[in-house]
Structures are given as C-alpha cells and as structure tokens.
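J.: Sequence:
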Amino acid sequence: MFTGIVQGTAKIAEISDREGLRTFTLDFPPGFCVDLAVGASVSTDGVCLTVTELLGENRARFDVMQQSLAITTLGGLRTGDRANVERAAKDGAEIGGHPLSGHVDFTSEVLTVQSSDTNRLMRFSIPADFRKYVFAKGYIAINGASLTVSEVNRAEGWFEVWLIPETRRMTVFEDKQAGDFVNIEIERSTQVVVDTVRETVQESLGRLQPLLEAILKEKGLTLEDFVSSQARLK
Numbered sequence: 001m002f003t004g005i006v007q008g009t010a011k012i013a014e015i016s017d018r019e020g021l022r023t024f025t026l027d028f029p030p031g032f033c034v035d036l037a038v039g040a041s042v043s044t045d046g047v048c049l050t051v052t053e054l055l056g057e058n059r060a061r062f063d064v065m066q067q068s069l070a071i072t073t074l075g076g077l078r079t080g081d082r083a084n085v086e087r088a089a090k091d092g093a094e095i096g097g098h099p100l101s102g103h104v105d106f107t108s109e110v111l112t113v114q115s116s117d118t119n120r121l122m123r124f125s126i127p128a129d130f131r132k133y134v135f136a137k138g139y140i141a142i143n144g145a146s147l148t149v150s151e152v153n154r155a156e157g158w159f160e161v162w163l164i165p166e167t168r169r170m171t172v173f174e175d176k177q178a179g180d181f182v183n184i185e186i187e188r189s190t191q192v193v194v195d196t197v198r199e200t201v202q203e204s205l206g207r208l209q210p211l212l213e214a215i216l217k218e219k220g221l222t223l224e225d226f227v228s229s230q231a232r233l234k
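Residue numbers are given in UniProt numbering: position 211 of the sequence shown equals residue 211, and the series is strictly consecutive.
Please keep in mind that the hints were generated in silico from the structure rather than gathered at the bench. There's no promise every hint is true.
[To be verified] With a Cα cut of at most 27 Å, we get these calculated DSSO-like pairs of lysine-lysine: (1) 217 - 176; (2) 11 - 90; (3) 11 - 137; (4) 217 - 11.
[Stated by the list, open to error] Okay, the calculated beta carbon distance ranges per label pair: (5) 70 - 191: 17 to 27 Å; (6) 81 - 136: 23 to 33 Å; (7) 148 - 56: 34 to 44 Å; (8) 118 - 210: 17 to 27 Å; (9) 119 - 217: 33 to 43 Å; (10) 217 - 54: 54 to 64 Å; (11) 78 - 155: 17 to 27 Å; (12) 80 - 18: 30 to 40 Å; (13) 15 - 127: 19 to 29 Å.
Only a predicted model underlies this, so the values are computations on that prediction, with no experimental measurement involved. Each residue gets a CB set at the ideal place from its N, CA and C atoms; glycine is no exception.
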C-alpha cells in the first residue's frame, strides 16, 4: 500500500528489453534507497513495481511486464525521463493522502494547463466507464500523487486539480503539458460505495427503472447522475 504522498522523482537511467519484459534502471534521490531491499515495492508514476536488483546507494532495477507497459504510461518512458516515486507505506505510517494500491485504472490525457507563480490548474480526461467514480472534493491519484478533485464535468468527461508549489516542486507535474498522458487510480472506497448504491437502486426499482430514467431524462439527467448523487450522501 502507498499513501499518495510522492517522496521525490527518479530519473530513468537505463532501459533494456527482453521478450515480453522491460527492465528499468532508476536513479533515486539521496536517501531514498536506505533499507530498500530486493522484493520491496516502489510506486513509479503510480504503478507498483518490485525491486529486482540494487545497484549502489541510489540506484535500483525493476522488471515490467508487457501488459503493464500497454495499460500505463510506463511504456512511453525514455532514458532521461523522470517519474514520481514513493516507497511502500510501513505499518502505522501516517496517511497524508489516501490509501493507494499502485494498480492503475486508466490513463488520462492532459487537456489544459494554466499556471501562475504560485498555482497550477490542470484538466484531465475521464473515460466514460470511470466518470461515475470522480467527484468534486473527492480524492484521486494521478501518477501516484493523492490529489483533490476541484471540478468535474461528467457530461464532457473531464476533471480538474489545483497544484500547490510544494506539489509542483516534488513531482513531475511541472513538466506535463496538454497532450501528455498520466496514470490514474480512482479512490477505492468511492468505487465500492458507487457500485453498491447502483446495484441497490437497480434491485429496488425493478420495473420502475425505465420510468425513473424517463423522468430524469426530462431534467437533463441520467440514472448514473442519480446514483452518483446518492453515493455522495453515504
């Protein structure tokens, strides 16, 4: 498990490929690898990777399967790129963000970026199947960083987050521009609540479901909007 509090960025020092497998060699910030061991988990841009080899004080290797490369942004990383990194949380660790598994749900395109001297507003796309899990003021993990959704538009399929100076300093987000892609992990407890409410509503409505859908449509809403509104009350 991870906390979503990024501990720094690591540089991609080397990349090598074998059949169905890619090996990344990462250079970490000083002190990051203290007591790190082979078999330990490290969140790399939000993807849980396992240490396969330690190389000196601040370097380690990780093997990534082709499937993970295909469904995350790791497949697009090149030598010299940087990634957000976090060590696995220890028992009793303070959860400064929210609990993360390191299992990416989807990749999202950066739609717009607005920056000032102090803040940075970023808008990201949401695939249709996941829009029901994203709420304003709710948590979401972007490249392994626990962030708060400031605005969301399910009809258009986007959400926004604000980045404070410390987040900009400690992560890769300062370099992200429109057209880039990031890894997204939705907040698991929100997913459970939304799915539970949906199933309960569908079971309870039975034959009345088409009637409710028709009423909601007249108001410019969908059954998913109704379910999401009920989930937020939980």
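J.: The structure should be examined with respect to each hint, and the outcome stated for every one.
T.: Results for each hint:
no.	hint	result
1	217 - 176	38 Å, violated
2	11 - 90	24 Å, holds
3	11 - 137	32 Å, violated
4	217 - 11	50 Å, violated
5	70 - 191: 17 to 27 Å	22 Å, holds
6	81 - 136: 23 to 33 Å	31 Å, holds
7	148 - 56: 34 to 44 Å	37 Å, holds
8	118 - 210: 17 to 27 Å	50 Å, violated
9	119 - 217: 33 to 43 Å	38 Å, holds
10	217 - 54: 54 to 64 Å	58 Å, holds
11	78 - 155: 17 to 27 Å	36 Å, violated
12	80 - 18: 30 to 40 Å	21 Å, violated
13	15 - 127: 19 to 29 Å	28 Å, holds
Checked against the numbered hints listed earlier, the structure breaks hints 1, 3, 4, 8, 11 and 12; every other hint is satisfied.
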